[in-house]
Structures are given as C-alpha cells and as structure tokens.
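Student: Read off the chains here:
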Amino acid sequence: MKFGLKAAAAALILSASLALTACGGGASGANNAAGAKTTTLTLGAVQEIRSWDPAQAHVGHFLQPYQAAYDSLLLREPDGKLSPMLATAWKYNDANTKLTVDLRTDVTFSDGAKFDADAAKANLDHFKKANGPQMAQLTAVSGVRVVDADTIELDLTAPDPSLEFYLSQAAGLMGSPKALGTEGIKTEPVGSGPYVMDKAATVKDSQSVFTARKDYWNKDVQKFEKVTFKILVDLTARTNALVSGQVDATLLDPKTGKQAEGAKMKLAATEVDWQGLTLFDRDGAKNPGLKDVRVRQAINYAFDRKTILDQVMLGQGTPTSQPFGKASGAWVEELENKYPYDPAKAKALLKEAGYEAGLVLQVPSVPGFETQLAVIKQQLADVGVTLEVGSAITNTYTTDVAAQKFTSMYFSLFQGEPWVAINQIISTKALYNPFKTTTPELQAKIDAVQNGGKDAGKLAQEVNKYVVEQAWFAPLFRVNQMYYHNAKIDVTPQIQMAVPSIYNYSPAK
Amino acid sequence: MTRFILKRLGSGLVVLFAVSVLTFFLLYISSGSIARNILGDQATPEQLAVKEAELGLDQPIAARYFSWLTDALGGNLGTSWFTSEPVASSLATRIPVTMTMVFAAMILIAIIATLIGVAAAVKRGWVDRVVQIGAIVGDSIPGFVIGIILVTILAIQLGIFPATSTISPGEPASAWVLSLTLPVIALLINGVTGGAQQIRSAVIKQLERDYVRTLRSRGIGEREVLFRHVLRSAAPAGLTVLSLQLIGMLGGVVIIEQIFALPGMGPLAVAATGQSDQPVVMGVVMYTVAVVILVNLIVDLLNGWLNPKVRAS
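Protein chains in written order, with my numbering: chain A, 1 to 509; chain B, 1 to 313.
Treat the hints as calculated values from the structure; they're not laboratory data. Quick caveat: nothing in here was measured; it's all calculated off a predicted structure. It is possible that some hints are incorrect.
Sample of chain B residues at the chain A side, in silico, Cβ under 7 Å [to be verified]:
#, residue
1, ARG36
2, LYS51
3, ASN76
4, THR79
5, SER84
6, GLN132
7, GLY134
8, VAL151
9, ALA163
10, ILE259
11, PRO267
12, TYR287
13, THR288
14, ASN307
Example chain B residues on the side facing chain A (calculated, C-beta under 7 Å, incomplete) [stated by the list, open to error]:
#, residue
15, LEU9
16, GLY10
17, SER11
18, VAL14
19, SER30
20, ILE38
21, ALA43
22, GLN59
23, GLN157
24, THR164
25, PRO172
26, THR240
27, SER243
28, ALA261
29, ASN296
In this text, a Cβ means the ideal position worked out from N, Cα and C, and glycines have one as well.
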C-alpha cells in the first residue's frame, strides 16, 4: 500500500508546515521594551461605545473614551471633588433653582469652532432632546440662557443636588456646535479634548485610536502621545491581552485577577457597587411578612457577611449593612456593622413578629449570582426563613421590577452620589422602589436633601440611617472592582467608577 | 437542473420567511424593557414614551413586522436600536472576518480529514487505532477549551502569536495570518476528528464492495481504484459531514471570536441578543439562515456532480 504511507506522510507534513508557518511570524506586543518612558497607552475596554455623539455618552465604564475626545464643563477629581475644566466657576442662587456658570474663552474644538456660551448652550439643549442613555441627567433643567460670551445660566424646575456632578459626566461633555446633530459625529468625535481620533486606524468594534491634540489648552491632563481603546468584551480575552502585554490596563474580576497578579500586574481597586437583598415589598402588599420591620431586621441578622465575601468574592470588598457608598457623603460609620451576624437574634425577632413557624421569601434567580443565592439560602434557612429562588431574570427585568413582579431581589447596584442613589433605590420615583414605599418622615428627609444645596451629602446621612434602621435592604458587601495595569503606567482609581477617568493614567515614574 | 436549483431556492425563501416571523415574535416577547434599557433606570415615563415612539415600539406587533419585512425586501435591514449603526454596514464589516475563519477552517478540515481518514481506512492496523483514539479525544474537547490552551501556551508563555486579534488597518497581512491561526486551529480540531471518522468508515465500506474486487481483478492499479472509484463513491458521505460541520461551526465560532476578541459576527450576535436589539438580531439570523440554505444547496449540487446516482433521486 504505497499510497497509504504517502498519504500519512502528506498529512504529517501539512500539519507540521502549518505549525512552522505559524512560528515564523514572531511575537507581537509581548516583549515591550521596558525602561524608556512610555508615550502610548493601550486600554482594554469592556465594550464598544454606541455613538460618539456626546449626548449619547454613558456613565461608569462608558465615560472614559468620551473623555479622550471631549472636555467636560466640570472635572471630577479621583476623590470626587469637582474642579474647573471648561467652566471656571459656578454658583447657585439661594433657592438652588438657578446655576450660573462662567466659561473659559481660550478653547477651540478640533474642527476650529470656538468654545463659548453659545456652544455650551447648544450642547446642553442638544443633550436634552437627543434621547441619549443619560438624558435623565438634565431632567431638572428647564432652560439654558446665554448671559454673555462666557456665561450661561441654567434654570431648574426644582433643585437637583446632583446637577454639578452631572456636568462632570455625560451632560457636561462639550462637542463642536458645528458637528452636533450631524451623522459624522456619531462615528468621529469632534470635541475640545486632549486627544483626537485617528480615523484611519480606528475600526468599529475592534479598536478606537486617538493621538494627542497639538495645541491642547490643558497639558496637565494630556500625558500620552497615543491612546488606544481595544475592545475586549470577553473576560478571558481581557485577561490574556493584559498578561501577554497587548494592553496596559483593563478590568478583570477576583478570579482572573489571580492570574494577572501571577504575571506581576498591579491592582487599582475601588468599590463601586453593593450586593445584597433589596426587600421591595416593605408595605406587605404581596408578602405580608415583609411589612414587619422585625422580620426585615431578622433577615439582616441572618447573614455572615464576612464569610460570604471571603468565600464568594475571594475577600475582594467590605462587608456592610448600608446601601450608600463610602465616598458618597451619605455613608455613616456606625451603620457599617449595624446588623452583625447573630442567628439567635434573628430567630428571636422572627418569633416576636409571629413568624416562629417560618417565613417564605421569594427572589428571582439572577445570572452570575447563583453562588451568592445558594449561600444566602442556606444562611436564611438556619434562622427559619425559606428562600424560594424563582426563574432567572431576563433583559425585561427592569419592566418586571417596575410591575411589582418581585417582592425581593438579590442584585448588585451602583453606589453613586447621594441624590442619584436616592432616586435609584429610595424615592417614590425610584425604579428599585416599585411598591413606592414611603412615610412622611422619610419624605421630609428626602426633601431636605433635595433643597440642601452644599449640605446634600450630609443630609442624605439621615435618609441612610432611616432606611438602614427600617431594614429596607439587606446589603451584604461593597464589591471591589478589580482594575489591573502593568508596570509601564501608573493608575489612580476613580471613586464610583470601575474604569478610571482617562486623566488618571500617567507613564510610570 | 435549473428547475432543481429554482425549487431549492424557492423552498429556501419559504424557510427564510418562516424563520423571520418566528424570530421577530420571539424577540417581541423579550423586548418589553427596550426603552428603559437604552435610557437607563432614572428615565422618566415621558422620556420612555418618546423613545418608544422613536423606535416604533408603540405600533402593534403585526404592523412592526410588516414594516420590517417591506424594508428588508427593499434591501434596508434598519439601524441598531442601541448604536444607531445601519445593520447592513455592521454585517458588512463582520462577515469577512467570520467567513475568512470559517472557510479557512473548512478547507483545512477537508484536506486533513480526508488524508487521515483515507490513511486509516487503507492502512488499518496501528494507524487506524491512533486515528480512532485521536478522534475520541478531539471530539470530546470543546473548541473554546482548545483555544484557551493554545493561547496560554503559544501566546502568553511563548509569545509566538498575539493573545487577542490585532486585525486593523495598517497592519500587514502577516498580522491577519497570525491573528487567525490560533482561532482557526481551535475551530478545526473537532471538525478534523469528526470528518476523518466519517471518511474512514465511508472508504472502508466502499473498499469492501464487489466492484472494487472486480476492478482489482482486472488489474487496475491500487492508486486508480482508490482515487477514481472509491473516493468518488465515498465523497457524498464526506461532503454531507462537512456541510453539517460548517453549519455547526457558525455556532462554535461565536465563542471562539469572543475569546480571541475577533470583530466578527459572534460578538455582534451575543451583544445584540443580550440587549434584544431587534434589527441587529434579525439581520444576523437572516444572514445565518441564508448561509445554511446556500451551503446545503451547494453540497447537493456537488454530490450530484460527483455521483450520478444521487442526481437521479
């Protein structure tokens, strides 16, 4: 069988040549020369952004790429302090219903257009009507008035303690008035920011490449010659790209973080979300047991938060009993361990409330939190509460929450500025308060925050104390966001953002 | 022949239509929160209503389907609800990446599987046993696991290949080759082992047929028997397996593209499905179904060309 041997040989040669041609190419990016100060920054981005129109900008992970192309009116420092950027000064009237903003006069956009009061007004008006993902940021603004060439006034229908924060976020990004509303700006940003897009090197869903703008006005925030956002949706892909040197920094999780640490990557951790139970049905409309504050407190006492954190999140986070974040101003030290692990007390409270025989708590299953649900089910069972885990939520869950489909839910929620958090989880307008629970006492505290101006954060502590004492939630822990980077760059974490602002990166010293 | 092709294309169109109706209505069931998913959890009911009207979500489902259908028949697949990018242009940039990979893998599978399968069938003995064991091993390891193993060894430890795709403008053709090598290998291993098994059995079956003995008894050379007669008769089985593998690969490639960050159809399909981005999902589904219909048609035609007996039936 002459042919048989030949065929086998041919197959071998073919597979060998495949391997050989593959070997001939040489490494790509794996062996970056250390030593010389780097002038490029390559970031592993978790998702492609939807549109470069600044009115379509988003929060959190999705803000960073816009910051490369667009300056914002205010700049949010890593610790959350608001500093001047395109706005030099800003001031509320006494009723907190009118914000006067002074603007820089020496800034131009990358298409040559000048930044002035008309440009700022055009941007804010555009943001209000462009139906973007963060359009709610300017809901309180009823109109924008040009006072003179470098001053605008924002009229508010009601005080909004988060407005200044919003002006450092999506609502504050300023695009060229000539480009706003055009088709072009959707794929190529036109801003006054530190970098301009290299359109030729940019490929949708693969990478966005930016180069330093030559005559940029604020050299302090322009630290690289070239910035590349490489789109790496998959966690495994991000881990591989980081440890093989293809990207300088990216967002991982506690498990993949171990692999990155093995490859000598550095961690810039920050707490952004909290995880735990939200006890929606505090009025007992569908689950009468939840109406009794003792039952809700008993649920809180049932959890050994530290052990759950260590087991499930490899200890990456901080156990807590409060839903407000540490950096928010509404955080209260005494509330941190308000409900220590105390099964005996939980049982006693349930007995007092008349649920000695047991209580049933229903939650939907949430993809990604199966382990957490299994652990809390066990710990609740130990005190006599049966956790029934229903079918998994789908991408209609926000509608399902609003439709009061769930009486409780285990979830991870963002810990933002106090007023943002109140309108997300506590006020009667909040999506995550679907049964619209409130009391006159709580409403008075919320109103105080809204009208509190500069004291809003401190006043929100009262709201925090109220909902913790009333056990509206059963928070377990704040979770560390595992942002890793290599030794070529330094990264300062940004509060309330898993992915830091673009200004927080610099070449390693 | 023309009649056969037209008939098949006609039934293909019916399938396309049926799948489009089914997909559209399935998406409708899970699209309740679209406006809120786009505008975030702080959007007011008024803002949600404006967005729904903008997307046409306030129309009845039948009206929405017919509006999509008439647009699609006119060549307009609509624009993504989330990115405002025309669906046709998203598909156009992604199809080449996915198809380059799938066809490279298919061609290699066809060649390697045939060589291994024929060798095993003709040689039998230890060669056959090695192929059999290899087939079981190859079949039992999923492509994405192979992909991760390849990346860990060849990209991260040895630095021979990029860990994730570097395909972008300005990069030389070698970057394409380097970027696609590991994903293609990850894709083709299952196909090679499965294909080799099928070809081996088909060739063995043919070799045991009477006509082979007759040919040999007339003194026709072994090589001619194998190439002109046996392989030709065994080809339909191989082709059918290949076409099934290609269709299966359209699913497998989704995960491989995610792991290697290749900007192909996979990440687009995953992102769009997760968000219920109806125009994009419809575009991806229609395109995939069209590929499956065409592949089946081509395989049937090839089978007819190779083996006249098939043509008659």
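Student: Of all the hints given earlier, name the ones this structure violates by number, lowest first.
Tutor: Hints 3, 4, 6, 7, 12, 13, 14, 15, 16, 17, 18, 22, 23, 25, 26, 27 and 29 are the ones this structure does not satisfy, whereas the remaining hints hold.
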